[in-house]
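S.K.: Be aware that the sequence shown starts at 1, since it is given in our numbering, and climbs by one per residue.
Hints were generated in silico from the structure; no laboratory data involved.
Think of the CB as a built atom: it goes at the ideal place given N, C-alpha and C, for glycine as much as any other residue.
Each hint should be verified, as a subset may be incorrect.
Claimed, not checked - Derived DEER-like restraints, expressed as beta-carbon distance ranges:
| # | residue 1 | residue 2 | range |
| --- | --- | --- | --- |
| 1 | K267 | R386 | 26 to 36 Å |
| 2 | I312 | L27 | 22 to 32 Å |
| 3 | P329 | K147 | 35 to 45 Å |
| 4 | I229 | P120 | 41 to 51 Å |
| 5 | P360 | G11 | 27 to 37 Å |
| 6 | K147 | E59 | 36 to 46 Å |
| 7 | F121 | F66 | 43 to 53 Å |
| 8 | P274 | K26 | 16 to 26 Å |
Claimed, not checked - In silico DSS-like cross-links for lysine-lysine, where the CA-CA straight-line distance does not exceed 25 Å:
| # | residue 1 | residue 2 |
| --- | --- | --- |
| 9 | K147 | K26 |
| 10 | K216 | K147 |
| 11 | K382 | K323 |
| 12 | K263 | K147 |
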Amino acid sequence: MLSQTLILEVGIAVFLVTVVGLLANKLKFSVIPFFIIIGMVLGAENAPKIGHIDLSFEESKPFIEFMGRLGVLFLLFYLGLEFSVGRLIKSGKSIVSGGLVYVCLNFVSGLLIGWLMDLPFKEMMVLCGIMTSSSTAIVAKVLTDLKRTANPETEVIMGMIMFDDLFIAMHISFLSGLILTGSSSVWTVLGTSLLALGFILTFIIVGRKLVPSIDKLLQDTTSEIFILITISLLFVIAGFSETIHVAEAIGALLAGLVLADSKYIKKIEGMVLPFKDFFGAMFFFSFGLSIDMYSLGGAIGWATLAAVITIICNLASGYFAAKFAGMKPRAAFDIGFTLSARGEFSIIMANIGKAGKLLPVIQSFVVVYVLILSIVSPLLTKESRRIWNGLFGEEKAPIKKKKTLSDLELQAKND
């Protein structure tokens, strides 16, 4: 039976998320760590009670968690809308060069931390995914806030992000087969992973051919029917993905990738954006609610070490990406610091580990790790030029030689 205070509790939760969001915007900071922290504080056992209202949200927590689950779907769906299959193919060169170095360095760093922590294989694979997945949401916000969207290194950053997103999609499918099926057989896991890969490739190929039919369905419809068709496609595809042990988040991403080629893409993005923003905020808040803040102590040291290694690896990958793109070495700091942000994808993979009942240390690790990098990365990105100049000296513009009168006379004769 639903609590009589359910709506009021959810309303209070949304209000508190709004307050910390306003605070984050006032401080010109990423909202993600603020949403997680307020969830952790309110989810604690000693959270205050006001009359019949329990600010630990025990009774409304299942509903808030479901809202967070919707947040994952809308976040991944919107990401797919931003990166169409055609754009992915055209950007192949910049994706493969810098992106491959980025993924390899960060994945190996995950193996290193997992080995140092003496984690079992499943936990180590989740950890590798957590440490490899950059936060597209934070990266996009930082580039916009710093007015760097038109900078030449931004194209390289987005190419590497796209490559990383594709890798994470494959890795989430692998983790689903490894963890969510509950099987320990190598052949079963391999079969499930190949099934997931086959489903992804088939869906993209077939889905692109169905886009004209979907466009006809969307043609001349009211805004109400338009959004109903769009969201029904999202939920059905994500739900079907889950039934064949492909994470529902990947189904949402695939739905977005396919609809990105629709001629109504701008209208779809405009209608979905409010859902993405609202449910996305509730996703981070609900994740915070699920964390016992008093259990984080054992993960602080490892997460801090992992954050430092991540920044170093990303600076190295930024150096190679800048070199491949023929850019100045100082662009390595812009690229590396920007890509160091961690957020939504790291949490999604930690939730897969939680669903598979893996060691709780993974949840504690990801909270501290995401909080550190979601705060530090934007700060380092903002100061990247100053840090470079402090370490290597400011690049001086070449001094142009002033032309003498004889030079001007000679130039006039030649003209």
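S.K.: Looking back at the hints listed earlier, which ones does the structure fail to meet?
M.R.: Hints 1, 3, 7, 10, 12 not satisfied by this model.
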